[in-house]
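S.K.: So you can see what is in the structure, the chains are spelled out below.
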Amino acid sequence: MSAPHEDFFIGWTDRLPPRDRGFIARVALGFLLAMLLLAFGLARTMDDSGGGSGDWIAGEQTFRGTITGQPYALLHVAPDAAHPQGHAMMLAMVGKYPVVVPPEWEGRGLEVKGWLVRRGALEMVQTTAEPRLVELPAASRAVEKLGRWRITGEICDGQCYAGLMRPGTGIAHRACADFCLQGGVPPVFVATAPVAGSSFLLMGDPSGGPVSAAMYPFVGLRVRLDGEVERRGDMLVFRPDFSTAVLP
Amino acid sequence: MAHAIILAAQVYGGVGGLVAAWFLLWRIERVDPMARGAYAFRPLLIPGLVLLWPLVLWRGLARPAEGREFRAAHARIWVGLSIVLPLLVLGSLALRQNGPIEAPPVRLSAP
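The listed protein sequences correspond, in order, to chains C and H.
Using numbering that gives the first Met the number 0, you'd call the opening residue of the first sequence number 0 and step up by one each time.
Using numbering that gives the first Met the number 0, you'd call the opening residue of the second sequence number 0 and step up by one each time.
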């Protein structure tokens, strides 16, 4: 039989009463296990953040290609081993600003310097200096019309989705995407299933220019849109009519 | 609209500051007798008081609870939170926007 005082908690003894020790140990262990299970369960419910990332090791790089300005600045680089049909890269300035292409630059050679962010075949150059015109052989900028499509997906900003933010999609990223898009970063429509071989499409307005403000209420949400799709190099461009928008 | 929201937040925060000062300087010792003579912890309560000042005002003006009432209230809150918090976590997981659910694109018309 324990002495009576052993049933009391006495702060300065630095010891728990004997009858409480087992209980506290079981509660602490159970709590620890419950928290581990909760952490594991919550982590399992998270969506895959995707494989986007910046090519930070390569640092600032120089790219040369033919520039087009509509609906957003695209640099069409010459074919190489990885891109036998040529490759279209999105452009945006560091700091969430657009690269503005004057009409007289349209179709001319351009040299840009910046950081490359990449997610699969989607690439964006974050330019760090003013682009400059250079002499390059004329490159094909043919536009292939693919018809009118009904596509379900999400409107993301091309910068974060390509790798600056992870995941860069979803409701949690809505405010950031809105901020980037209002700054002028090219929007990308991420389809839930591939469209003509690609799951992401640069967005534009049916009139030919950048997307109108009608886009903003649907940013970061899963939305179904109807619109024309065209292929520019290896980049698909989606020009949705926002009056057809449906939030499934 | 944005200006109205900011103005409302400023007014709410201003009133919260006044309520926090009143509560910490004059009322806290009547609400919780254990706070008598204890001052160092009081600044730590300011953010919570500013945010929850309507509740503070309601509880601060009510008759102070003592002893068994405190313990009974804590027990009720403990039981309530043990139900509400898991419901909040699981509910938010169940109601959140899920990742892409495949919806194949449909070609409506050829070019």
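In case anyone wonders, no lab produced these hints; they're calculated from the structure.
Heads up, the beta-carbon is just placed ideally off N, CA and C, and yes, glycines get one too.
One should not assume that every hint holds.
Said to hold, decoys possible - If we take Cβ atoms under 8 Å as the criterion, some of the chain H residues that face chain C in the derived model are:
| hint | residue |
| --- | --- |
| 1 | A8 |
| 2 | G12 |
| 3 | V14 |
| 4 | R67 |
| 5 | G90 |
| 6 | S91 |
| 7 | L92 |
| 8 | P103 |
Said to hold, decoys possible - Here are a few chain H residues that sit away from chain C, every Cβ distance over 10 Å (derived from the structure):
| hint | residue |
| --- | --- |
| 9 | A3 |
| 10 | L24 |
| 11 | W25 |
| 12 | G36 |
| 13 | Y38 |
| 14 | R41 |
| 15 | P42 |
| 16 | L44 |
| 17 | F69 |
| 18 | R70 |
| 19 | R75 |
| 20 | V88 |
| 21 | A102 |
| 22 | V105 |
| 23 | L107 |
| 24 | S108 |
S.K.: A separate judgement is required for each hint: does it hold in the structure or not?
M.R.: Do the hints match the structure? See the list:
Hint status for H:A8: violated, given a least beta-carbon distance of 17 Å to chain C, over 8 Å. For H:G12, the suggested interface contact is broken, since its CB lies about 22 Å from the closest CB of chain C, more than 8 Å. Violation of the interface hint for H:V14 is found here, the shortest Cβ-Cβ separation to chain C being roughly 28 Å, above the 8 Å cut-off. The interface hint given for H:R67 is violated, since its Cβ lies 21 Å from the closest Cβ of chain C, which is over the 8 Å cut-off.
A least Cβ separation of about 13 Å between H:G90 and chain C goes past the 8 Å threshold, and the interface hint is therefore violated. For H:S91, the interface hint is violated, the least distance from its beta-carbon to any beta-carbon of chain C being 10 Å, above 8 Å. For the restraint placing H:L92 at the interface with chain C, the shortest Cβ-Cβ distance is roughly 6 Å, inside the 8 Å limit, so the hint holds. Because the closest C-beta pair between H:P103 and chain C is about 5 Å apart, less than 8 Å, the hint holds.
Its beta-carbon lying about 19 Å from the closest one in chain C, H:A3 satisfies the requirement of being farther than 10 Å from that chain. Distance to chain C confirms H:L24 as a non-interface residue, since its nearest Cβ pair spans about 31 Å, more than 10 Å. Once the 10 Å rule is applied to beta carbons, H:W25 is consistent with being away from chain C; the minimum gap is 32 Å. Annotated as non-interface, H:G36 keeps its C-beta farther than 10 Å from every C-beta of chain C; the closest such distance is 19 Å.
Residue-level check passed: H:Y38 sits 22 Å from the nearest beta carbon of chain C, beyond 10 Å. Every C-beta of chain C lies more than 10 Å from that of H:R41, the closest at about 24 Å, which supports listing it as non-interface. The Cβ of H:P42 sits about 26 Å from the closest Cβ of chain C, beyond the 10 Å cut-off, so the non-interface label holds. No Cβ of chain C approaches the Cβ of H:L44 within 10 Å, the least distance being about 25 Å, so the stated non-interface status holds.
Every CB of chain C lies more than 10 Å from the CB of H:F69, the least distance being 20 Å, so the non-interface label holds. The Cβ of H:R70 lies farther than 10 Å from every Cβ of chain C, with a closest approach of about 17 Å, so its non-interface assignment holds. Chain C leaves H:R75 outside its interface by the beta-carbon criterion, the shortest separation being 21 Å against a cut-off of 10 Å. Under the 10 Å C-beta cut-off, the non-interface status given to H:V88 relative to chain C is violated; the minimum distance is some 8 Å.
With a minimum CB-CB distance of about 4 Å to chain C, H:A102 fails to clear the 10 Å threshold, and the non-interface call is violated. Non-interface status of H:V105 relative to chain C is broken: a Cβ of that chain comes within 10 Å, the nearest being about 4 Å off. With a minimum CB-CB distance of about 4 Å to chain C, H:L107 fails to clear the 10 Å threshold, and the non-interface call is violated. For H:S108, the condition that its CB be more than 10 Å from all CB atoms of chain C is violated, with the nearest at approximately 5 Å.
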